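Okay, so the sequence shown: first residue is 1 according to full-length UniProt numbering, each after it adds one.
It is possible that some hints are incorrect.
[Stated by the list, open to error] As a list, the in silico DSSO-like pairs of lysine-lysine whose alpha-carbon atoms are at most 30 Å apart: (1) 211 <-> 125; (2) 91 <-> 129; (3) 195 <-> 185; (4) 129 <-> 215; (5) 91 <-> 238; (6) 143 <-> 40; (7) 189 <-> 129; (8) 125 <-> 164; (9) 143 <-> 129; (10) 199 <-> 82; (11) 183 <-> 238; (12) 185 <-> 15; (13) 189 <-> 30; (14) 30 <-> 125; (15) 91 <-> 215; (16) 125 <-> 72; (17) 97 <-> 30; (18) 97 <-> 239; (19) 122 <-> 108; (20) 129 <-> 30; (21) 129 <-> 185; (22) 143 <-> 125; (23) 129 <-> 239; (24) 40 <-> 183; (25) 72 <-> 97; (26) 183 <-> 38; (27) 215 <-> 189; (28) 164 <-> 129; (29) 238 <-> 40; (30) 91 <-> 30; (31) 143 <-> 183; (32) 143 <-> 78; (33) 215 <-> 164; (34) 82 <-> 37; (35) 82 <-> 164; (36) 97 <-> 143; (37) 30 <-> 238; (38) 199 <-> 129; (39) 195 <-> 30.
In case anyone wonders, no lab produced these hints; they're calculated from the structure.
Being a predicted model, the structure only gives us computed values, none of them experimental.
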Amino acid sequence: MLISTANRRVNMLQKWNDLPGVMRNEEVEKYFRILNKKKKSLISKRAFDLTLASCLLLFASFFMLVVAILIKSDSRGKVFYKQTRVTKNGKLFDIYKFRTMIENADKKGSLVTIDNDQRITKIGKVLRKYRIDEVPQLLNIIKGEMTFVGTRPEVEYYVNQYSKEMYATLLLPAGVTSLASIKFKNEQKLLNSSKGIEKTYVNEILPEKMKYNLKYLENYSFLGDMTIMIETFVAVLKKGD
């Protein structure tokens, strides 16, 4: 098993010999070599993450307080939701979100949500529609557990289903947004018509998302990250129409 607990030391790309054994294979090495040639760009990526996340968290403080009040007035439960996910090098971390579902929702259904999921609260639907529920992940970025652009973090169960090549997506920190997130923005609707949600996600949706994630690694650039962030913003606005 590759899983360990995340620490606070942040290096965008670990040395090859320091990677978990399951990641040191030929399929992953291809992507490692590509990223290893872009260390300066990865340093810029981390600097950008830390600067922007800190500024946004400062300016969004009042807005987050308003959201917290709305969540508490809408349903019983905590304001924030945290779930253990997997990030760089297979390390476990707690991802932060505004709670958008009923209390203990993950114990009352599948690990993924579907369209019109009955567990989603009224205010939760609005927060999800505009991805406001993701705002607390600014804390994850500051801690170095996540980055603005990168493969969305999966729960350990799904990571255990990865092919050898898919482990390459764990070379960098998990992302708040990605090209795969944009392409599969209607993922919940796709799962809605499925009889076996977990099976459909693992066998059909996850492999397709990984194609985009691996392509991102293969063509990584700081400018590319900026483009994906802009595309995400546009996609969120269109979703709100």
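Okay, the hints, checked on the actual structure:
1. 211 <-> 125: 29 Å, holds
2. 91 <-> 129: Status holds; Cα separation ~29 Å.
3. 195 <-> 185: Holds, at roughly 20 Å.
4. 129 <-> 215: 27 Å, holds
5. 91 <-> 238: 34 Å, violated
6. 143 <-> 40: Holds. Residue 143 to residue 40 sits at ~20 Å (cutoff 30 Å).
7. 189 <-> 129: 13 Å, holds
8. 125 <-> 164: Not satisfied, since the Cα-Cα distance of roughly 36 Å exceeds 30 Å.
9. 143 <-> 129: 26 Å, holds
10. 199 <-> 82: At roughly 24 Å apart (the allowed maximum being 30 Å), residue 82 and residue 199 satisfy the hint.
11. 183 <-> 238: Status holds; Cα separation ~13 Å.
12. 185 <-> 15: At roughly 34 Å apart (the allowed maximum being 30 Å), residue 15 and residue 185 break the hint.
13. 189 <-> 30: Given pair residue 189, residue 30 is violated - Cα atoms ~34 Å apart, limit 30 Å.
14. 30 <-> 125: 40 Å, violated
15. 91 <-> 215: 22 Å, holds
16. 125 <-> 72: 15 Å, holds
17. 97 <-> 30: 33 Å, violated
18. 97 <-> 239: 20 Å, holds
19. 122 <-> 108: 18 Å, holds
20. 129 <-> 30: 37 Å, violated
21. 129 <-> 185: 10 Å, holds
22. 143 <-> 125: Cα-Cα ~28 Å, so holds.
23. 129 <-> 239: 7 Å, holds
24. 40 <-> 183: 29 Å, holds
25. 72 <-> 97: 14 Å, holds
26. 183 <-> 38: Roughly 26 Å between the alpha carbons, so the hint for residue 183 and residue 38 holds.
27. 215 <-> 189: Satisfied, since the Cα-Cα distance of roughly 24 Å is no more than 30 Å.
28. 164 <-> 129: 34 Å, violated
29. 238 <-> 40: 34 Å, violated
30. 91 <-> 30: Roughly 21 Å separates the two Cα atoms, so the pair holds.
31. 143 <-> 183: Distance of about 28 Å is within 30 Å: holds.
32. 143 <-> 78: Given that 30 Å is the threshold and the Cα spacing comes to 22 Å, the pair holds.
33. 215 <-> 164: Holds: residue 215 and residue 164 sit about 15 Å apart, inside 30 Å.
34. 82 <-> 37: 35 Å, violated
35. 82 <-> 164: 28 Å, holds
36. 97 <-> 143: Distance ~15 Å between residue 97 and residue 143 Cα, so the pair holds.
37. 30 <-> 238: It is violated: about 36 Å lies between the C-alpha atoms, which goes past 30 Å.
38. 199 <-> 129: Distance of about 25 Å is within 30 Å: holds.
39. 195 <-> 30: Answer violated: residue 195 to residue 30 is near 37 Å, above 30 Å.
Checked against the numbered hints above, the structure violates hints 5, 8, 12, 13, 14, 17, 20, 28, 29, 34, 37, 39; every other hint is satisfied.
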